[in-house]
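Peer 1: One letter stands for each residue in the lines below.
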Amino acid sequence: MIWLDALSKSFGKGERCREVFSEVNLLIPSGPIVGIVGERGSGKSTLLRLIAGVELPDRGHVHIEGMPLWSGGIGMSQHPLMTVRQNLRFLCRLYTEEDMEMEDHIEKILELSELIPYRNMLWKDVPVTHKPRLKFAVMAVLKSDVLLLDGLPNPKKESEIHEMLQQRMKEVSTLIALPNLKSLRRYCDAGIVIHKNRLHYFDRIKEAIKYYRKEISE
Amino acid sequence: MSEYLLKLLHRVNGFSPLDYAAQWMEIELEEEKSAIRRFGRIVYALFLRQLQTRLGGEVTGFIWVVLQPLVMILLFTVMHAVISGRSSSSYDVVVFMGSGMIPFFLFRTILQTSINVFKQNRSLYFYPQVKPIDAFLANALLESSIYGIVTLILLSLAMLVGVDVIPKDFDWVIVGILWLILLAMSWGLLLGVFNLFYPVVGRFVSFLTLPLLILSAVFFPVNILPPLAREWILYNPVVHFMELIHGSYLSSLDTRYVDYGYMIEWTIVPLFLGLWLYRRSEWKFVAQ
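Protein chains in written order, with my numbering: chain A, 1 to 218; chain P, 1001 to 1288.
The shape of chain A in the complex, shown without the other chains:
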C-alpha cells in the first residue's frame, strides 16, 4: 500500500515556478499492477521519484508499506570503478540474508542481462548498449515488496527479462510509468492518470482509458 498524504511538489522559484502536484491525496492498494499515464512532462517520473524518496515533497508525506525498489536508481548506484560482479555483489547482499542466495541471484541477473562476458570488467568499460538491461534484470530477480518501474523492457528484443519481470510483477505491488495507453491496456490491472496537477486512480483500465481520451487526447 502506498499512501500519498497531501503531497505538493513544484520545481523552480518565483516566476519560473512550475507546479507538478498540488495537495494530492491518494491511496494506492497493493496487489494490482498500476500503470501511470499522462502527458509528456506531467510528472510520471516525478511521482516515482517522490515515492522512492529521492525527491522530497514541498509539503505532505509519502507512506509506503514494505521495501521498494526503484528502477531509476539501479544504474546510478553502480560504481564506475568496480567490476560488474563486484557491483552486483554489493547490490545482492542488500537484498539477501545468506551468501549462497546472493551468489544465486548474481548468476541469475548476469544471465538475464546478458552481461556474463563483461562480468569482470569495470562498470565504466561496459558498452553503453548493454547497461540498460541490468536494471530490469535486477528488478526481476531481487526480493522487494514494491516495484517502481520507469518504463518496461522491450518485449521483442528482451523477451526473457520481460517474461521474468511480468512474473515478478504479479507477485508484488507494482507501479509503472508508461509512455502510452497501449502498454497500459496490455500490462496493467489499474491505472493512474495525471492531469492538471492531480492524480486520478481507476480500478479498471477501461475507465482510465476513457478518462484519458476524454480529458487529455485521443
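In case anyone wonders, no lab produced these hints; they're calculated from the structure. Treat each hint with caution, since some may be false.
Capping the alpha-carbon separation at 27 Å, the derived lysine-lysine pairs in DSS-like fashion look like this [as the list claims (entries may be wrong)]:
(1) P:Lys-1033 / A:Lys-196
(2) A:Lys-182 / A:Lys-156
(3) A:Lys-210 / A:Lys-182
(4) P:Lys-1168 / A:Lys-143
(5) P:Lys-1131 / A:Lys-13
(6) A:Lys-13 / P:Lys-1284
(7) P:Lys-1168 / P:Lys-1033
(8) P:Lys-1131 / P:Lys-1119
(9) A:Lys-131 / P:Lys-1119
(10) A:Lys-156 / A:Lys-170
(11) A:Lys-108 / A:Lys-156
(12) P:Lys-1119 / A:Lys-124
(13) A:Lys-206 / A:Lys-156
(14) A:Lys-206 / A:Lys-170
(15) A:Lys-170 / A:Lys-210
(16) P:Lys-1131 / A:Lys-124
(17) P:Lys-1131 / A:Lys-143
(18) A:Lys-124 / A:Lys-157
Selected chain P positions facing chain A (Cβ under 7 Å, derived; list incomplete) [as the list claims (entries may be wrong)]:
(19) Val-1043
(20) Ala-1045
(21) Ser-1123
(22) Pro-1128
(23) Ala-1287
Idealized CB from N, CA, C, for every residue including glycine.
Using the hints provided, position chain P relative to the given structure of chain A.
Peer 2: Chain P in isolation, oriented as in the chain A frame:
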C-alpha cells in the same frame, strides 16, 4: 484468586499466559537478533564497496598509504636531529614520531573522509536498507583497519631494524588510540552533516587540518614548551590525546598534562550534537 484463574486458563488451553509471554519474548528477541544481523550485513557490504573503490583499487594506492607515514616519521626524525643534536632527548625519537604520527594521520583521515562520506554514497540511499550512518560507520571501520595494517607493517619494519618499539603501558596506548578514533568520528559526523547542507564547512576543515599537525604536539612533547605556550596549546583537545599516547608509550615521558575531563567534553558534545542533527535531517540526505 488470580492464581486460581491462571490455573483454570492453563487447564482450558493447556497453555499458560506465562508461556505466551515467554514465546512472545522469544519472537521479540529473534527479531532483534536478525535486525542486528541485517545491520551488520549492510555495513559489511558498504565496507567492501569502499575498500574496492578507495586507494583507486590498486596496489600502488596501498603502498602510498604505508609510505606516507613512514616518510613523515623519518623526515621529522631527521629534522629533530638537525635542530637539537643527537643526544638531547631521553627517548627514542623515531618511536616518539611514529607513536604520534600514525594515530594523528588516522584521526585526520577519518575526519576528512567522514565529512565527504555522506555525499559520496548519496546514490545508495534510495535503497531503503542503506542508511547514511551505515556508510559513515563502514568508512570509519575501513580507515581504522587500513591504519591497523599500516601500524603492523611499520612496527615489523622497526623491529627488523632493531628499534625497541615495546610500549611502556600498552593498555593506555590502545585506549588513547581508540578514544582518538571516537573523537574523529564524533567530529566527522557533526561536520559531515553540516557539510551536506553547507559545503563551505568541508573546505574550511581541510584548510584547518594543515596547521593542526603543527599545533597538536605530534612531533614534540608539551613539556619542552615555555609555560605560556603550553597553556595555550593545551586548549587544543588533540594535544591531550597525543600527550596520553606519547606518555603511555615512552618510559621517559608521562601524562601529567592530560586532562581527561576536557577530552570527554570534546568527544561527547559533538557526538550527541551530531547524532541529534543527523536524526533530524536523515530523511533529507537522499535528495541533497
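Peer 1: Please go over all the hints and tell whether each is borne out by the structure.
Peer 2: Verification of the hints:
no., hint, verdict
1, P:Lys-1033 / A:Lys-196, "violated (48 Å)"
2, A:Lys-182 / A:Lys-156, "holds (15 Å)"
3, A:Lys-210 / A:Lys-182, "holds (13 Å)"
4, P:Lys-1168 / A:Lys-143, "violated (54 Å)"
5, P:Lys-1131 / A:Lys-13, "violated (30 Å)"
6, A:Lys-13 / P:Lys-1284, "holds (19 Å)"
7, P:Lys-1168 / P:Lys-1033, "violated (40 Å)"
8, P:Lys-1131 / P:Lys-1119, "holds (12 Å)"
9, A:Lys-131 / P:Lys-1119, "holds (24 Å)"
10, A:Lys-156 / A:Lys-170, "holds (20 Å)"
11, A:Lys-108 / A:Lys-156, "holds (20 Å)"
12, P:Lys-1119 / A:Lys-124, "holds (20 Å)"
13, A:Lys-206 / A:Lys-156, "holds (25 Å)"
14, A:Lys-206 / A:Lys-170, "holds (20 Å)"
15, A:Lys-170 / A:Lys-210, "holds (25 Å)"
16, P:Lys-1131 / A:Lys-124, "holds (26 Å)"
17, P:Lys-1131 / A:Lys-143, "holds (19 Å)"
18, A:Lys-124 / A:Lys-157, "holds (24 Å)"
19, Val-1043, "violated (11 Å)"
20, Ala-1045, "holds (4 Å)"
21, Ser-1123, "holds (5 Å)"
22, Pro-1128, "holds (5 Å)"
23, Ala-1287, "holds (5 Å)"
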